[in-house]
Structures are given as C-alpha cells and as structure tokens.
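Could you build all of it, start to finish, from the sequences and the hints given here?
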Amino acid sequence: MTPILALRDVAVSLGGRRRWLRPSVPPVQAVRGVSLDLAEGEILGVVGESGCGKTTLGRTILGLQRESRGEIRLDGTVVSGLDPRAARRARNAVHYVHQDAAASLDPWWSIGRTLEEALVVQGLRDAAERRARIDEVLAAVGLDASARPRYPHEFSGGQLRRVALARILALRPRVVILDEPTSGLDMSVQAMVLNLLAELRRRYGLTYVFISHDLSVVRRFCDRVAIMYLGRVVELASATEVFAQPRHPYTRALLAASPSLASETRPRAPVPPGEPPSAARLPPGCAFSPRCPHAQPRCREVDPALEQDGRGENACLRWREIAGADDPAMQPA
Amino acid sequence: MLVLRKFLRDIPAVLGAVIVLGVVLLAIFGPWIAPYPEDASASHLLRRLRPPSAAFPFGTDNLGRDIFSRVILGARGALKVSLAVVGAAMAIGVPLGLVAGYGRGILSEAIMRVTDVFLALPQLILALALAQLMGPSVESAMLALALTYWPFFTRIVHTETQRLRNALFVDALQGIGASTPRILFLHILPNILSPIIVRATIGLGFTILVAAVLGFLGMGATPPDPDWGLAVAQSRGYLPNAWWFATFPGLAILVAVLGFNLLGDGLRDLVDPRLRRSR
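Chain order of the listed sequences is W and B. Using this note's numbering, you'd call the opening residue of the first sequence number 1457 and step up by one each time. Using this note's numbering, you'd call the opening residue of the second sequence number 3 and step up by one each time.
Hint data in this document are derived by calculation from the structure and do not stem from the laboratory. Keep in mind that a hint or two might mislead.
Not the full set, but computed from the structure, chain W residues with beta-carbon under 8 Å of chain B [stated by the list, open to error]: (1) 1544; (2) 1551; (3) 1554; (4) 1556; (5) 1562; (6) 1574; (7) 1640; (8) 1643; (9) 1645; (10) 1646; (11) 1648.
Here are the in silico distance ranges between beta carbons for each label pair [claimed, not checked]: (12) 1602/W <-> 192/B: 18 to 28 Å; (13) 8/B <-> 1610/W: 41 to 51 Å; (14) 1610/W <-> 139/B: 49 to 59 Å; (15) 5/B <-> 1582/W: 50 to 60 Å; (16) 24/B <-> 1600/W: 43 to 53 Å; (17) 183/B <-> 1602/W: 27 to 37 Å.
Quick caveat: nothing in here was measured; it's all calculated off a predicted structure. All C-beta atoms in this analysis are idealised placements derived from N, C-alpha and C, irrespective of residue type, glycine included.
Written out as structure tokens, the structure reads:
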C-alpha cells in the first residue's frame, strides 16, 4: 500500500542570510535528512526537546516552510520542490492545527466568520453549503451553532482547541498535523481533547502527525513514535516498542527524564547532562555524542543513519552493545 | 462599557473630546450659529476695528466684519482642510506601511527608506516649498500637507504590521491558503486600527496648526476666506491697538489644536496595551 505521506531525506535550513559588507549569517539546519512513511489512518507521534525541529518538520510537511533538500510525496505524487504558494496548493489534503489555539484565531473576527473564511479561501462559493458544513463540523467537535457569533476571547482554552479543529475539519483534510494539541491544558481537558481527536479520526478517516513532548500522552495516543534530536529522527518504532524497549541512548534518557514514566520503564539511563548543542553549530559525528553516556571516539566521527533494528529503526552506532548490556536476551550467542 | 468609563475618568481627554465635538458642530452648523453669516465676504467700512461689545463679542476687523462670526465660520475650513489632509495621508501611508511591514524584500526596504527621507525633512519647510511651487491656495496647501504627513502613518503601520506578521493567526491564515491582500486588509488592518486612529486624531490638530501657519504666511487660504491663520496675519498691522483682532482667531487655533491633542493623548492611553493589561 502506498503511504499517504512519504518523506525522503527532507532537510530544512532556516535563516541564513548574506549581508552587505557584514559577515553573513549561516543558516540553521533545523531538519537534517528526515525520512518517514505515514500510513493512511495512523497516528505518528513526533517527540523531542524544544528546538529539535518538530515544529519545523510539521510546517515543512504543510508547505509553509520550504524544504531545502529531499522529496515529499503525497499519495505517491511528488509535492516537494515547489515555491510555498504552489506547495500549499498541492498539499491541500494536509492541514495544521496550531499549538496555541487562542492566538491562531483573529481576535477581531467571530468564530462563525473565521470558519466561513477558511471555506471562502478554499473556493466554496455556495453560502448555504458553507453554512451547512460549518454546522456539521461544529457539531462534530462538540460545539453548537450558538458559538458562531461569539469572539475568541469568550471561549475557554479547551473550547478554542475545538474551534481550531473545526476550522481545519471544514476543509476536509486527510492528514492533520497537530502541534502540541494538549500543551497548556489541565488533565481533564487533555483527556477530552484526546478523546475528541480519536473520535474525529474514526469519523473522518484522518491521519495524524502528533507533535508533542508529553511522553505519557504520546504513549497513550500514538501508533508509532519518531524521536527527534537536533533535526534528525534517531528512533522510529511502534509506540509500545519505543516505551518498552528504547534502543537509542537519547530515547532512554528522555524516558528516564520523564517523571511520570520513570518508575514504569525498565531501562534506567541517566538524564543527559547539559543542553542540546545549538543547531547552528552542530558537533561532528553523532549529534548526541557530547551528551551521550555511551559515546566512544568513533561516535564523534561518524554520523549514524537510521538502520533497521528488528522492531523499528534507530540511529545509534552502538545500539546492539547498549541493548545487550541490560537485556540478557540481546547478548550475542 | 469599561472602556468608556475609563475614558470618562480621564478629564483632559474628556475636555479634548468636548472641544473636538464643539469644533465639529461649529463646522457643520456655523452659518446658522454665526450672528452675521454674510460677514464671510461682506465688508462694512463704517464699523472698522470696533472693540468687543454686546453686538460684536469679539470686536470687528479692519473691514468692519464681525470677528465672532468669522471665527465660527473658520471652523469649517479648518476642519475640512485637516480631514482632507489626514484622509489623504492615511490613504497613501497606510497601504505603504502594510506592504512594507509584511514583506521582507527589496520593495519594503525601498518604501521605508523613502519614508525616512520624507520624515527627515522638516514638514513645514517642505509644505512651504510645495505651496510656493503651486501658488498660494487652500488646495495647494492641502496637497503639500498631505504629501508631508503620510510618512507618519507609514512608520506606525510598518512597525505594527511587522509585529503582527509573525502572529500565529497570520500563520494559520497562510496555512489555510489565504491570499496576501486578504490577510493584510481584512486581518492585519483591523488589528492595528487603534494606533492609526490615535495618530490620525493628533494629526488633525497638528494639521489645523500647520494650515494656519501656511495661511499666516500667505501660502494657504486667500482673502476674503474666514481663515484663522489668515486673520492673524491681517491683524499684524493693527497691533497693539486692535488687540482683539489677533487674539480671538489665535485663541480659536489654540483651543482647536489643544482639543485634538488632548483627545489623541487620551485615546492613546486607552489603547496602550501596557495600560490595558493592568485593568
């Protein structure tokens, strides 16, 4: 089956600027060669620290950020290498839900007008049809038509997430990129939003890219998980496997650092010391090597690529040895 | 309602609003309020330079015209000039500011550098030069003032647009495929309307003042228009004996400009986000 969305070696550099009579600003390598396949109907979690390129990856898939290298296919059709406007048109099946729902709505526009505008922009001319579709999506996210004349500041955070979802749903997307959909919400609202997302996926046959740094939410909600570190996917496997058997030292460290999961996860790895290095000045070799407890000299020379590890993929030169050390089943026979 | 109550507590702003309202009412109903509306052009040489009295509260001028009537009749001209000038300056400055603030390329740089050049020139000098070039008339003064006032709007709109360009709701609009004109005029413009209104209010007062200066220098209104600046200019030869001739048109300028400035300051305090947060 063709994946609905396929990324091959996608890289994004941000910023770089050549200035007149002044030293030029080197670009930041926000995403460095990401390859992913997204099957129709699945939920792919994208996890990593702040600044690891999760959001940039999402915006690149959407088409708002232009990829500097690599190929993106949507339903088998190449949609990369276009200028942002054309790319956005070609990727109309992909939509993005912002992290901060309140700020993603124009405070001067009522909810009804905001929802309607999305349809107008997409070229739906029939006003009656627009109204019908808005009522439908508002009902789908659990709001009623009385929300239409109201303004964003009159809603609570949870309700605004529903509005933001409704806006995207009205455009009939197939792939929805959810940027931190549960951040800043309290636990009960989080659960509500997740249930709603699950229900909408069933109802509309959606595929989700779920960007988050909340590991417990990702574990509960996602089918597969991609762990990102400094613009690279370092581990990619099903959610159960990643949480039960993390292979990459960074994944282990991430799980160990998560307070709610620490007691349940088997491998105890130390919390990585220090901050991730700046994406503008990457260390040579494996980007995680300066913080990695297992790093050896060759880790600082070779930048490992993702390789199959039997249950998914990971990008560590020493994953066999590390896994063997605390898992007797993995010892070489 | 909260906004209105906050505004009503600001006494200078309320005073400014009252003055502005008064000027507007005089401008609209002047010919019906003025005791001698025909004194806009007529002259009565038999009652020249009478001091203030019950019949002529502000006295009469060198042609025997009632100064009180002419001050009232002058409001319409002053307001018309300032509204036209500020309107034209906004029509030029606001779209340029939007385009310059939203784009990042050479075009926006070019717009802002031209704006800087215009800002660097003293407004009055430029207006004088232009008015001189086109011959003295109200129209040329208006054109000159509009051509010198638009950079103030461009500056403000540019800054505000640049701030909003990175706002999440603009990003979301780009995400659903909204066109740039739609984002600029339907979303960014309403969101930056309050600083524009504040600047326009202050600009109205300022324009009344500069228009009066141009009139005084003989570059604006021409006789026998009941222009305040022109009246002050004409009164110079009769000072200090006919003190009322210069004083009352001068006071009219002072009060009108003060009113617009007080109102503008009050509005600025009202829309200042730092003050809004502390409410």
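We went through each hint and held it up to the structure:
| no. | hint | result |
| --- | --- | --- |
| 1 | 1544 | 6 Å, holds |
| 2 | 1551 | 7 Å, holds |
| 3 | 1554 | 5 Å, holds |
| 4 | 1556 | 6 Å, holds |
| 5 | 1562 | 5 Å, holds |
| 6 | 1574 | 5 Å, holds |
| 7 | 1640 | 13 Å, violated |
| 8 | 1643 | 24 Å, violated |
| 9 | 1645 | 20 Å, violated |
| 10 | 1646 | 20 Å, violated |
| 11 | 1648 | 22 Å, violated |
| 12 | 1602/W <-> 192/B: 18 to 28 Å | 24 Å, holds |
| 13 | 8/B <-> 1610/W: 41 to 51 Å | 21 Å, violated |
| 14 | 1610/W <-> 139/B: 49 to 59 Å | 53 Å, holds |
| 15 | 5/B <-> 1582/W: 50 to 60 Å | 39 Å, violated |
| 16 | 24/B <-> 1600/W: 43 to 53 Å | 49 Å, holds |
| 17 | 183/B <-> 1602/W: 27 to 37 Å | 32 Å, holds |
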